[in-house]
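Each residue of the sequence shown is one higher than the one before, counting from 249 in my numbering.
Be aware that one or more of the hints could be misleading.
[Claimed, not checked] Computed list of lysine-lysine pairs in DSS-like fashion (alpha-carbon distance at most 25 Å, straight line):
{"#": "1", "residue 1": "Lys340", "residue 2": "Lys302"}
{"#": "2", "residue 1": "Lys459", "residue 2": "Lys482"}
{"#": "3", "residue 1": "Lys429", "residue 2": "Lys340"}
[As the list claims (entries may be wrong)] Here are the simulated distance ranges between beta carbons:
{"#": "4", "residue 1": "Asp286", "residue 2": "Gly425", "range": "28 to 36 Å"}
{"#": "5", "residue 1": "Asp324", "residue 2": "Ile393", "range": "53 to 61 Å"}
{"#": "6", "residue 1": "Thr421", "residue 2": "Ile377", "range": "43 to 51 Å"}
{"#": "7", "residue 1": "Ala426", "residue 2": "Arg293", "range": "26 to 34 Å"}
{"#": "8", "residue 1": "Asp354", "residue 2": "Ile393", "range": "52 to 60 Å"}
{"#": "9", "residue 1": "Arg400", "residue 2": "Asp324", "range": "24 to 32 Å"}
{"#": "10", "residue 1": "Asn351", "residue 2": "Leu478", "range": "51 to 59 Å"}
Calculated from the structure, these hints are not laboratory results. Beta carbons are placed, not taken as given, at the ideal position from N, Cα and C, and that holds for glycine.
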Amino acid sequence: MTPSFLFLFLTLLCLGLLVNAADYYKVLDLSRSADEKDIRAAYKRLSRKYHPDKNKEEGAEDKFVEIARAYEVLSDSAKRQVYDRHGEEGLKAHENGQSPHANPFDMFQSFFGGGGPRGQQVRKGPTSISDIEVSLADIYTGANIDFMIKKRILCDHCRGSGAASTDDIHTCTSCGGAGVKIVRQQIFPGMFSQSQVSCTECGGRGKIVKKVCPHCKGAKVLDHTQHYTLEVPKGMPEGHEVVFEGRRVMRTPTGKQETLS
């Protein structure tokens, strides 16, 4: 291999790495010289713009996830240094065996202090659809039809804690109640990466239940049959839909909101 060919090969390789390393900067519309303040501002602006709760366009959620990944890398000085030097492949090699990427929605919540663009939000539970047969006579004269729907509600004994009593809820000694741990790992001699991972002892909850609730067996919720009344107006057409709006949101003793359909 001639020196000129070797030089050309190395030049192309370096250019390839630079192009690869520039991708995350392009995702956040940043230059490679962007500082921490620029990175935070870009993430704040773009994550709000593409959050699926606000942006219903096709591909918005994928873009939101991509933005979160870019911010996860560029906001971590060690990861950013590896990425700038060795590109995406070098970063993958560095992260091999480590915890999975941060959940983009958890990252958003942690950044803004809430569940969505407007602060503390609770996502709606799944929609329940029931088909009800109505007689011709009821359609002609109008009627009220009672029906039942099975749903899940917070356990009224433990109030959603899953514990037999409040004395059975203990702060996790492994993470000190934070629900997360800081893991420090050496990348190269003299270079370390620091990342935040969910505590495996408490499952990220920060609390450990020593004795589970005897009513819900620690599940925090119970099966419940809810009574509804369907008002059938005179002349209701076939296939007519009646929507029962609303949701039940309760706060558990641990401070977590539970949304129940």
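Checked hints:
Between Lys340 and Lys302 the alpha-carbon distance is near 31 Å, which puts this suggested pair outside the 25 Å criterion. At roughly 55 Å between alpha-carbon atoms, Lys459 and Lys482 are farther apart than 25 Å, so this suggested pair is violated. The straight-line distance between the Cα atoms of Lys429 and Lys340 is roughly 22 Å, inside the 25 Å bound, and the hint therefore holds. At roughly 34 Å, the beta carbons of Asp286 and Gly425 sit within the given window of 28 to 36 Å.
Our hint of 53 to 61 Å for Asp324 and Ile393 holds, since their Cβ atoms are close to 58 Å apart. For the pair Thr421 and Ile377, the beta carbons lie near 46 Å from each other, so the given range of 43 to 51 Å is met. Taking the beta carbon of each, Ala426 and Arg293 are about 29 Å apart, inside 26 to 34 Å as hinted. The beta-carbon spacing between Asp354 and Ile393, approximately 43 Å, falls outside the hinted interval of 52 to 60 Å.
The supplied range of 24 to 32 Å is broken by Arg400 and Asp324, whose beta-carbon atoms lie about 39 Å from each other. For the hinted restraint 51 to 59 Å between Asn351 and Leu478, the CB-CB distance of approximately 40 Å leaves it violated.
Checked against the numbered hints given earlier, the structure breaks hints 1, 2, 8, 9 and 10 and satisfies all the rest.
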